[in-house]
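Student: Below are the chains, spelled out letter by letter.
There are 2 protein chains.
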Amino acid sequence: MEAAETPALFSKKGFYGALMEWAMRDERFKTQLFRFVDVLPTLTSSQEITRHLNEYLGEEQVQISAALRLGLKAASGASWLFGGGIKSQVTGMARQFMLGNDPKEIIEILLKLHKQDTAFTVDVLGEAVVSEPEADQYAQRYLDLLDLLGREVSKRQPPCKSNQGSRGPLPALNVSVKLSALYSQVHPTDPKTAVRHISQRLRPILRRAKELGAFVNFDMESYALKDLTLESFRTIFEESEFAEGPLCGLALQAYLRDSKADLHRMVDWARTQNRRITVRLVKGAYWDYETVMAHQRHWPVPVFAEKAQTDANFEKLSQFLLENDRVVDSAFGTHNVRSIANVLAHAERLGVNPRAFEFQMLYGMADSIKSAVLQIGCRLREYCPVGELLPGMAYLVRRLLENTSNEGFLANKYAKGAGREELLKNPLEIPAPPSVPAPAHAGHEFQNEPLTDFTITKERERMTQAITALRDDLGRRQPLLINNKAVTTAEWLPSLNPANQSEVVGYAAQASITQAEEALSAARAAQPKWARVAAHDRAEFLEKIATLMRRDKAGLCALEVLEAGKNWTEADADVAEAIDFCDFYAAVMRDLGQPKLTQKVAGETNSQHWLPRGVGVIIAPWNFPLAIVTGMTTAAVVAGNTVIVKPSDQTPIIGARLVSLCLEAGLPPGVVNLITGPGSTVGAHLVGHPRLDFIAFTGSKEVGLKIWESAGRTLPGQRDLKKVVCEMGGKNCIIVDSDADLDEAVVGCIASAFGYQGQKCSALSRLIVLEDNYDKFLNRLIAAADSLRVGPAELPGSIIGPVISRDAQQRILAIIETGKKEAKLAWQGSVPDNANACYVPPTIFADVPASSWLFREEIFGPVLAVTRAKDFDEALSLANDSDFALTGGCYSRSPENIALVKAEMVCGNLYINRGITGAVVERQPFGGFKMSGGGTKAGGREYLENFLVPRVITENCLRRGFAPAEES
Amino acid sequence: MEAAETPALFSKKGFYGALMEWAMRDERFKTQLFRFVDVLPTLTSSQEITRHLNEYLGEEQVQISAALRLGLKAASGASWLFGGGIKSQVTGMARQFMLGNDPKEIIEILLKLHKQDTAFTVDVLGEAVVSEPEADQYAQRYLDLLDLLGREVSKRQPPCKSNQGSRGPLPALNVSVKLSALYSQVHPTDPKTAVRHISQRLRPILRRAKELGAFVNFDMESYALKDLTLESFRTIFEESEFAEGPLCGLALQAYLRDSKADLHRMVDWARTQNRRITVRLVKGAYWDYETVMAHQRHWPVPVFAEKAQTDANFEKLSQFLLENDRVVDSAFGTHNVRSIANVLAHAERLGVNPRAFEFQMLYGMADSIKSAVLQIGCRLREYCPVGELLPGMAYLVRRLLENTSNEGFLANKYAKGAGREELLKNPLEIPAPPSVPAPAHAGHEFQNEPLTDFTITKERERMTQAITALRDDLGRRQPLLINNKAVTTAEWLPSLNPANQSEVVGYAAQASITQAEEALSAARAAQPKWARVAAHDRAEFLEKIATLMRRDKAGLCALEVLEAGKNWTEADADVAEAIDFCDFYAAVMRDLGQPKLTQKVAGETNSQHWLPRGVGVIIAPWNFPLAIVTGMTTAAVVAGNTVIVKPSDQTPIIGARLVSLCLEAGLPPGVVNLITGPGSTVGAHLVGHPRLDFIAFTGSKEVGLKIWESAGRTLPGQRDLKKVVCEMGGKNCIIVDSDADLDEAVVGCIASAFGYQGQKCSALSRLIVLEDNYDKFLNRLIAAADSLRVGPAELPGSIIGPVISRDAQQRILAIIETGKKEAKLAWQGSVPDNANACYVPPTIFADVPASSWLFREEIFGPVLAVTRAKDFDEALSLANDSDFALTGGCYSRSPENIALVKAEMVCGNLYINRGITGAVVERQPFGGFKMSGGGTKAGGREYLENFLVPRVITENCLRRGFAPAEES
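Protein sequence lines, in the order shown, are assigned to chains A and B.
Under our numbering, the first residue of the first sequence carries the number 1, and numbering increases by one thereafter.
Under our numbering, the first residue of the second sequence carries the number 1, and numbering increases by one thereafter.
Note that these hints are calculated values from the structure, not bench results.
Note that the structure is a prediction, hence the values are computed from the model and not measured.
Incorrect hints may have been included.
Note that the list lumps identical chains together, so a pair holds whenever it fits in one copy or between two copies.
As the list claims (entries may be wrong) - Straight line, CA to CA, 16 Å or less: simulated EDC-like cross-link-like pairs of lysine to aspartate or glutamate:
| hint | residue 1 | residue 2 |
| --- | --- | --- |
| 1 | Lys529 | Glu904 |
| 2 | Lys210 | Asp262 |
| 3 | Lys902 | Glu822 |
| 4 | Lys596 | Glu942 |
| 5 | Lys529 | Glu323 |
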């Protein structure tokens, strides 16, 4: 291997080498380059290519040293920046790693490998599968590939040398399959359904493979799919039809902390099944992604933090595999010479025939290592992706990253010129780098509550049990809670399960005006004393409430499922957000509780602190039935105010549960009082009351404007100008640019539009798509929408459930009928035939004119209006043509268009290249302006200030001409 | 001197020494001890003494080491903490430094000094002189003292040895006079009047001194009085009556940077006058005070920063004095052996007879040095304060500070045991300590505009000239300014000088509804473009406006004097505040202009930034005619909004001047538009307009509530919920505790109640005085009020001027008449008999019941209601019994009562032990709640957020599983 020539890739000659070297030196350039490479295949005109090239890699965008620029020019690569040949050059780059899509070319390349004594496995590259038709297409492509290669491969004699194993010849035809491409609706709460659907699409492939004597490998993808992949593997190969064949195997990733347990389990399974399977041990290609996602979710990071740990684990697992040579075949996927040598050494020590196992390497990489492996008589298989350039870009970028990584073996050897000793060092002897402290928060110790990982079986069981337990306890009467005492009423309103209107979740007390007055008196009486409780102690109450919510998490979720029709993950997110509000506002109040110096002045102390406003009413909606009422209530209360909580008529039982938790946490009488009853009488009476100081409202624009107006009137005897925190609706828009990553855009738009049936103020309801992509995108979008699973929220894996109530159902259905007159009905989903449930079929209108009602009014249901824009400026202008300004989004890979949207899109929360719902406390302070609200930000640092008034204390500390040092 | 016993003070034996040692070790204890000593004389019961002792020096208040506590006990001082003898012990302490008030005792002590060959000068200690009767009393006491001592001293033969000079015997009787005690209304703008009044009271004293052959010395006090003292000295001793006598001298302070020039000037004067005067060279006793005050005002610090610089300067000036021995007599006031030795060395070198000059030292200090000086045959004079214990406390605290200072010679020698070499080191050779960087501001570079120092002659001249120049230019027509163009109207309203209703300052255009609509359209059209101007560049416009205001400062002040009737210092403060608003909001906007990370998340960037609200109207009052309109306008504009400015009908010309300056600074057309005209039509039309986004209002509660209500209504076509920044009135209260420092309380209350005739929303209008002090305080207060100078604002030194208009005058006079029926008219001032001016006599009502109208309603004029409280709790409860919550204050020296007020007094701006008006930008963010406003804080960091809406941008920066390090 040492004798072999440095591969062209690292020769520092030519276009490609120069780029790689440059990327390795300059992180910013690397990012820009890879992002450009990523978007390139979608660009259809040379004009678009030039524009993106300049936006990513123009002189203003990337700062590179003169030497580098000169070096690049000298490498004769200068012209690439200006010529039109860039696309073909990048295609050339990609072709180093992929076989392309032309059957003839594929066969030629495979033949060439054959002549080099190298075996192969082929993998079909594909766009992300976002709908069931796409999954069908993907499955079909495997069948086609098997047919194509089955014909060709059978012609070849003698069989490839690398397919000659110690136990006899191996199948000449070897395919690798990604299970994520075989089902579009994998959902963490429902792996069983996923296995069923995947199995349905796998069977024809396995059948054909069996017929052809081909080998089928299951690739391993992201950690979230790992257990599902293992389960699918075991399930299908236990089916009698496949118990005897085809030959099969699966990949395991050594970078996973779980990998040892998984490997042991698979080896046990093989032993039990008495079936020889192949385990392809790889290191893992999604390290960045896994790390980022785990950090974002506050989940345990599934991968080892250090490359050396992965290398060491790979060596341990290699040894285990070789030790189990009698049960499993081993394939070692690595380009690391140390890892290879380690395998060989273990094999020798254990007396395992060197042809009993194989090495696998990626097509287009590590040629000298491949030659060396073949030279010493080992078996070698190349992993060969086939497919279109566009879907292959993700694969290309991963390869480029690998080649420019500071940790990859190849880059270390060729680009950084690391010596033999360093390259072959025992990974156990490599010291871990000093640990970096966790990112510091500004002034407080808040951390978001993690969402539940429903891929964990125990979590799914807990949820199922909670729903069952709750169902046994439904239908109770929920009294008012005034001064910490239950108060019953004459009237009671049932709260019904949206998925089953004959199921009464509970009965809500209906307060009279007198009882509302009593609640107000209780709050008023309690307020001065509560205000004197130290901010620190008030914060502790909130943290106690958070702890109680964590204790009751599954139960609270179950209640949301049955009362609000939220599916498991939506309910879980809502409860997590409620916990976040408690903890975050507690942290913020601890900070606000400390007076802040305004200016350092000699002889005088000047500090600002905050006082509570007094007594408020909390008027909450049903769509985030726990989180929003909790956020508004805890913010007001931790600030030293007392409140009357008036939950929505649709979710009174959840609202009451919050108040009960407040009481359980030990809040003194009168601090939080529960009033349920009709908003038009009881709510309006409280809002207009002269003894009320503030109102926190989240709900419809209609009610919000009435409250705003009512609060404007200052009545005799009123203590304060009434403050209103008013969060209303949205008519939120996403722009899909012509260069958007459609895989991501489809998924993000579907989730934003139809998540919780579109009943979120943040929901997507106007989708503006640029002409270039319009038809293609709309087709994929509709197919994806059509693949969504519809059913009651309690059923795990239900994405679309019923809307909140019969009234809402009728209202939205009527809107859809009206909409049909205004725009083209592009698609309407089907829903279960259940007269007891409040289903509304999810609906997409296309070519919706900006003037139409569908484009302008909030619907608050699963109805999406899609509009075409001729260019980005028009798209932006359409986006901003709204009375609302709540959320907005844009999918684009044009840095300038992204900058334009950041500068100009009129909304309170803007999301770039992701969905527009699911704001996280502290991370995405939430709220809008125009007719969407007063410009407050729930979950933001300034939110508590809405419930406080500032007060400045100035103390002259100069006495007799003397000011102590500490006070001056 | 070395041979002499360590003086008892530093013997570390006994009560006093232990305290001093403790104080020197522990800064906190020192502060608490001195504050206790300060308040002690006012405490009349042993209960009160015990309470204060615990509040200041209880175990929870001062942390002292066990060793110290033990040491104190061992020093047999333990009992003082618990016994009732504390007052007599402190009195004993005081008596070490003061002669007391008993003629017999005074004479005894002076006789004792006489026997020790020590001369004396006596000084009458007194409370601060806050009224003219007090100044009369003080002058009388000098006459009495001269009579008393004249009789006694003439008896003594032979004359005291220290009064035997080289040029013959010196007067046996020597008195030191503080000029500040001879006139209560010294005002920086008008030194001439002060000199006149001081001279009037001096003449009888000088006459008597001349008759008695006594010597009169002018003491030197704070720097602000220095020039006045020098001027008074020169003026009176140039009068023919005193040209020949009495013998006289004055003190000069070597710590002043000015002292060299002043000394030269006085020596020249003496030479010119051919009159031998004595210059007493001291180092200066107000170093802390001068430093603090200069820092607070951003004025040049008048004193040397380092003690060594002062010592060096003392040596230089000593030499100069000795060099001018033929012109002046020298007295060296110092306890520093090095300074003394330096004098002697110079005298020897220059051949000055050692009995041609004298040393002066303080009674009760430095006994060993005194003995040494006498032993070597020098003349020695002791400075002997006589008077009551209470007024002497300031003097005592200064002495205690001196004895515990880290820099004093005596403390260095005795308490810290510094060696001879260190003590006698040449001050020029002492290295300066490393310079401490200026206090850092949080994230921006704002500094308050200094007030004008009118003690500087040039500043007074500039102001006089500006008024003259303005008067030549009055009576112009001020058009509207729309889209940067002048627009004339059909109607014009004259704006009149409150002090002369026949003087028209200018004519304000009276806009029609159509013109208001034009202004709105202009603002609307300009807004989107203005919003796109970078925050940084918008901030620069404000800084430009500030620069223009600085350029026009005197002119703007003059305009306020004539149009608003503000006196010089009030006008100057208002213009400085306007400049502050520009600079401060610019600094805050630069900061807000930077998006802020909300949370650090892998793979995603999340930041919050701010967008302008749109178009607003600024409705401004007349009482801070430039500052408030500037603050509201610049805050709105720098935030990216466009505005219509509607100044008050009373001060339209000043309002227009602001808009003109905005235009001069280059603000684009339509950004700031000027509309003048009737609020009830034009103002109301704008406020209710659906195309308006926000209103910034400062004014009356009546109008404020109407605006609040109007803004609550959201009309069709309206873009946003209307935001109102609403600052209204106050009914502000000060509590005067039974232990308050009345010297300070009287001055602070008078300024707060009657500054600008009480026409400030922050003005004091309810004064709640504890029973114990009620009569005494009220008497001093009335006397002080009665001493205020009333006259037109343009007259320098006028404290009370006319109220803003004829209407206001009639309204307030009517209120006073009504008030007479509700409460006791305690005092009413007199005003100039000028029918053309709008004077209202300042008025104090006493025993005002809390139920009365006078106690509850805002008057906005020079009317003060005084109410009696039986204890502090009642006082606080009375204070909080108000519909308003703007400013509040308390004068107290009880730490617990101060803490109580800080916790409980309901107001937006609380001031402890100082006046309650004059909030400074950034230092005292200003605004209140309840019926005083919406809880906004002008001049605070959060203020700009009222004119902005927050927006959060979330960008997914994970592409193809890759997130660049810089974005994750």
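Student: Taking the hints in turn, state whether each one holds.
Tutor: Hint-by-hint comparison with the structure:
1. Lys529 / Glu904: between (47 Å within a copy, 12 Å between copies)
2. Lys210 / Asp262: neither (26 Å within a copy, 112 Å between copies)
3. Lys902 / Glu822: Classified as neither; 31 Å inside a copy, 63 Å across copies.
4. Lys596 / Glu942: both (15 Å within a copy, 13 Å between copies)
5. Lys529 / Glu323: For lysine 529 and glutamate 323, neither the intra-copy (72 Å) nor the inter-copy (73 Å) Cα distance is at most 16 Å.
Taken one by one, the earlier hints fail for this structure at numbers 2, 3, 5, listed in ascending order.
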